[in-house]
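Visitor: The lines below spell out each chain.
Protein chains: 2
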Amino acid sequence: MGLKFEIKHKDPQTKARAGKITTDHGEIQTPIFMPVGTAGTVKAVHQRELKEDINADIILGNTYHLYLRPGTEILEKAGGLHKFNGWDRPILTDSGGYQVFSLAQTRKIKEEGVTFRSHIDGSKHLFTPERVMDIQRSIGADIIMAFDECPPYPSDYTYAKNSMQLTHRWLQRCVDRLDETVPLYGHHQALFPIVQGSTYKDLRTQSAEKIASFEREGNAIGGLSVGEPAEMMYEFTELCCDILPEDKPRYLMGVGTPANILENIALGVDMLDCVMPTRQARHGHVFTTQGIMNLKNKKWEDDFEPIDATLGGYASTFYSRSYLRHMFKANEALAGMVASVHNLTFYLWLVREARQHIIDGDFREWKNAIIPTLMQRL
Amino acid sequence: MGLKFEIKHKDPQTKARAGKITTDHGEIQTPIFMPVGTAGTVKAVHQRELKEDINADIILGNTYHLYLRPGTEILEKAGGLHKFNGWDRPILTDSGGYQVFSLAQTRKIKEEGVTFRSHIDGSKHLFTPERVMDIQRSIGADIIMAFDECPPYPSDYTYAKNSMQLTHRWLQRCVDRLDETVPLYGHHQALFPIVQGSTYKDLRTQSAEKIASFEREGNAIGGLSVGEPAEMMYEFTELCCDILPEDKPRYLMGVGTPANILENIALGVDMLDCVMPTRQARHGHVFTTQGIMNLKNKKWEDDFEPIDATLGGYASTFYSRSYLRHMFKANEALAGMVASVHNLTFYLWLVREARQHIIDGDFREWKNAIIPTLMQRL
Chain A
0 MGLKFEIKHK DPQTKARAGK ITTDHGEIQT PIFMPVGTAG TVKAVHQREL KEDINADIIL
60 GNTYHLYLRP GTEILEKAGG LHKFNGWDRP ILTDSGGYQV FSLAQTRKIK EEGVTFRSHI
120 DGSKHLFTPE RVMDIQRSIG ADIIMAFDEC PPYPSDYTYA KNSMQLTHRW LQRCVDRLDE
180 TVPLYGHHQA LFPIVQGSTY KDLRTQSAEK IASFEREGNA IGGLSVGEPA EMMYEFTELC
240 CDILPEDKPR YLMGVGTPAN ILENIALGVD MLDCVMPTRQ ARHGHVFTTQ GIMNLKNKKW
300 EDDFEPIDAT LGGYASTFYS RSYLRHMFKA NEALAGMVAS VHNLTFYLWL VREARQHIID
360 GDFREWKNAI IPTLMQRL
Chain B
0 MGLKFEIKHK DPQTKARAGK ITTDHGEIQT PIFMPVGTAG TVKAVHQREL KEDINADIIL
60 GNTYHLYLRP GTEILEKAGG LHKFNGWDRP ILTDSGGYQV FSLAQTRKIK EEGVTFRSHI
120 DGSKHLFTPE RVMDIQRSIG ADIIMAFDEC PPYPSDYTYA KNSMQLTHRW LQRCVDRLDE
180 TVPLYGHHQA LFPIVQGSTY KDLRTQSAEK IASFEREGNA IGGLSVGEPA EMMYEFTELC
240 CDILPEDKPR YLMGVGTPAN ILENIALGVD MLDCVMPTRQ ARHGHVFTTQ GIMNLKNKKW
300 EDDFEPIDAT LGGYASTFYS RSYLRHMFKA NEALAGMVAS VHNLTFYLWL VREARQHIID
360 GDFREWKNAI IPTLMQRL
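Taken in sequence, the protein lines are chains A and B. For the first sequence, position 115 (counting from the first letter as 1) is numbered 114 according to numbering that gives the first Met the number 0, and the numbering increases by one without interruption. For the second sequence, position 58 (counting from the first letter as 1) is numbered 57 according to numbering that gives the first Met the number 0, and the numbering increases by one without interruption.
In short, the hints are calculated from the structure, not lab data. Note that CB positions come from ideal geometry on N, CA and C, so glycine has one too. Mixed in with the good hints there might be a few duds.
With a straight-line Cα cutoff of 20 Å, these simulated DMTMM-like cross-link-like pairs (lysine to aspartate or glutamate) come out [to be verified]: (1) 76/A to 304/B; (2) 297/B to 75/A; (3) 9/B to 237/B; (4) 76/B to 72/A; (5) 297/A to 304/B; (6) 295/B to 51/A; (7) 76/B to 302/A; (8) 328/A to 23/B; (9) 3/A to 87/A; (10) 76/B to 51/B; (11) 76/B to 230/A; (12) 297/B to 304/A; (13) 297/A to 120/B; (14) 200/A to 175/A; (15) 82/A to 51/A; (16) 298/A to 72/B; (17) 82/A to 302/B; (18) 298/B to 304/A; (19) 50/B to 51/A; (20) 295/B to 87/A; (21) 82/B to 51/A.
Some, not all, of what chain B presents toward chain A, calculated at C-beta under 7 Å [unchecked claim]: (22) 42; (23) 43; (24) 68; (25) 70; (26) 73; (27) 77; (28) 85; (29) 108; (30) 303; (31) 322; (32) 325; (33) 331; (34) 332.
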């Protein structure tokens with residue numbers, strides 16, 4: 000069956016909504032944060048923890064990484080990514096566009112697609128819209144992304160416009176390819192096109208309208224959170240959300256801090272993902288209900304309280320700050336393991352709290368009251 | 000209360016015995032393998048996994064590492080290592096002797112003790128038998144080890160003899176210091192002296208007799224598994240076990256492979272520890288009920304069986320060999336995490352099987368039949 004989206008509640012004071020996405024691998028309560036599992040694993044987190052402790056509704060995989068390693072042949076033999084990594088809830092894969100531009104070497108963009116060299120072994124590859132759809136068929140995610148070009152910030156107007164138009168032409172080819180192929184593993188795959196247009200209002204407007212016109216099962220906003228100021232991000236998120244259809248999920252790609260998450264939800268975003276909680280965790284930075292802590296700091300040396308007693312859960316309450324500081328100082332793997340589970344538990348708590356406050360009708364007051372607490376340095 | 004040891008069964012065909020050690024932190028079924036938690040953590044393993052999945056009866060901590068980092072002040076403030084790392088079952092700490100000789104820099108051995116420089120920051124330290132007892136009081140393990148010199152293999156006779164005699168003199172000082180101090184956290188700490196004497200029968204005999212004469216609550220055999228052939232290790236284990244008292248636990252330090260574990264149990268050893276299962280795990284080597292696998296090998300690329308269906312348990316059955324190979328090739332932390340839990344689950348399974356076969360009276364046949372399977376390369 001297709002992807003289904005129902006809006007359950009709309010916040011009266013902001014554009015936030017509480018909804019539910021239904022996929023063949025289960026339901027996603029929105030707004031949702033999606034942990035990033037680049038190479039088929041959310042770094043340093045057991046699948047069991049992701050399900051039972053963090054209770055993620057959906058995780059991401061990266062097409063670029065999975066294509067290079069383990070490759071589509073292994074993924075197909077496994078029966079797709081769900082079978083390969085044992086995650087039986089929904090998965091979303093990006094299209095590899097962003098990684099081709101940020102990680103790969105000697106890339107060349109042509110009308111046909113992008114040639115690049117692998118960051119792993121220097122081998123040469125070509126990504127076309129058609130090829131990227133085929134790869135995502137092999138991976139078998141429930142939600143797959145159109146192949147786009149993500150221009151850097153800042154980009155000049157002409158570059159941004161040409162790039163956006165290329166992304167639109169590529170989208171048509173993605174749609175054509177997807178619609179002439181079938182899923183490999185018996186479950187539906189929904190294609191989300193991506194709004195681009197850099198930080199130009201007329202381009203973003205054009206792009207959002209164009210993307211909406213494809214009438215796919217959900218829509219994404221790309222090319223934000225790439226270095227622009229937060230206020231500019233919010234301005235463009237709002238512009239896009241106001242154009243993208245109300246009755247379909249809106250996915251803001253690669254965002255962000257706890258404050259970014261809440262502000263974008265207020266603008267009508269339903270889905271977000273970011274490497275921040277896991278990447279920061281590996282560097283000792285944890286987000287808590289009381290604020291942000293750097294666990295490597297000497298001030299935690301003899302603090303025997305858990306990371307976050309209020310949040311609850313094993314990782315956040317079993318180990319003391321003192322012990323975790325010791326783990327970080329001693330370069331022990333457990334440090335990143337605990338902090339990663341904690342940060343993801345926090346991010347999922349955050350969007351679930353947001354959802355409840357949308358339902359309760361006090362989302363705006365709650366958001367404005369909690370952001371200064373969540374963003375303070377402890 | 001003191002440490003209690005009861006022998007439940009003796010194998011009629013070997014010198015193996017099945018027993019039970021009782022400490023203030025609970026019981027240890029012997030023979031037992033003790034996972035090594037160098038810096039207060041068994042590398043890449045959550046405490047919850049150690050308890051619920053691996054079901055370790057007792058873990059090790061390293062005095063040298065814990066003294067350097069986090070240091071005795073933090074450990075005392077925490078209320079000892081059990082409180083610090085959240086492990087509420089028995090803990091054993093080595094004396095740091097081995098690490099001072101293998102890790103520390105510019106060490107100088109004198110009658111008083113050993114001066115050395117930290118491998119972390121080059122700072123200068125002095126370990127005396129008295130200081131090492133005090134540090135182990137601060138750590139608060141249930142079983143603590145005498146400060147010894149562990150000579151390398153091979154050592155010449157004169158060096159080995161002088162070293163052994165120094166170890167014996169240091170033992171008297173350890174005993175004196177321990178007996179004039181009290182535990183800091185209300186639970187009993189049992190001191191195990193260590194037999195040395197390198198690979199000389201007369202020295203090992205002298206040392207075992209001397210160590211036995213102290214009549215402590217358990218005894219250890221050190222200085223083996225340091226590069227000598229396995230047959231030589233077994234010869235000296237047997238020599239020591241035959242002299243050390245029957246009614247006290249015998250701990251063979253730093254051993255070893257699955258075959259080493261079983262052969263030494265057959266000679267009368269009750270306790271063993273080794274970094275092998277966790278260190279090998281991080282390099283992709285796993286021990287299974289069918290043999291040894293290098294998960295990095297291409298042959299597992301499209302093998303979607305779990306590591307070890309027979310063994311059971313989450314780590315050993317949830318993830319496929321193919322997925323784990325991908326995790327190792329992609330340098331994902333999950334690779335070492337899963338393999339570490341698996342290998343320790345296997346080691347604990349191994350000693351529990353051994354115990355059951357001792358009780359059943361068919362330990363020797365079982366051991367001889369299973370060793371070739373366990374040690375074969377898959």
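Visitor: Work down the list of hints and note, for each, if the structure agrees.
Guide: For each hint, the structure was consulted:
no.: 1; hint: 76/A to 304/B; verdict: holds, 12 Å
no.: 2; hint: 297/B to 75/A; verdict: holds, 17 Å
no.: 3; hint: 9/B to 237/B; verdict: holds, 16 Å
no.: 4; hint: 76/B to 72/A; verdict: violated, 55 Å
no.: 5; hint: 297/A to 304/B; verdict: violated, 46 Å
no.: 6; hint: 295/B to 51/A; verdict: violated, 29 Å
no.: 7; hint: 76/B to 302/A; verdict: holds, 9 Å
no.: 8; hint: 328/A to 23/B; verdict: violated, 31 Å
no.: 9; hint: 3/A to 87/A; verdict: holds, 18 Å
no.: 10; hint: 76/B to 51/B; verdict: violated, 28 Å
no.: 11; hint: 76/B to 230/A; verdict: violated, 46 Å
no.: 12; hint: 297/B to 304/A; verdict: violated, 46 Å
no.: 13; hint: 297/A to 120/B; verdict: holds, 17 Å
no.: 14; hint: 200/A to 175/A; verdict: violated, 28 Å
no.: 15; hint: 82/A to 51/A; verdict: holds, 18 Å
no.: 16; hint: 298/A to 72/B; verdict: holds, 15 Å
no.: 17; hint: 82/A to 302/B; verdict: holds, 13 Å
no.: 18; hint: 298/B to 304/A; verdict: violated, 47 Å
no.: 19; hint: 50/B to 51/A; verdict: holds, 18 Å
no.: 20; hint: 295/B to 87/A; verdict: violated, 25 Å
no.: 21; hint: 82/B to 51/A; verdict: violated, 26 Å
no.: 22; hint: 42; verdict: holds, 6 Å
no.: 23; hint: 43; verdict: holds, 4 Å
no.: 24; hint: 68; verdict: holds, 6 Å
no.: 25; hint: 70; verdict: violated, 9 Å
no.: 26; hint: 73; verdict: holds, 6 Å
no.: 27; hint: 77; verdict: holds, 6 Å
no.: 28; hint: 85; verdict: holds, 6 Å
no.: 29; hint: 108; verdict: violated, 27 Å
no.: 30; hint: 303; verdict: holds, 6 Å
no.: 31; hint: 322; verdict: holds, 6 Å
no.: 32; hint: 325; verdict: holds, 4 Å
no.: 33; hint: 331; verdict: holds, 5 Å
no.: 34; hint: 332; verdict: holds, 4 Å
Violated hints, in rising order: 4, 5, 6, 8, 10, 11, 12, 14, 18, 20, 21, 25, 29; the structure is consistent with all others.
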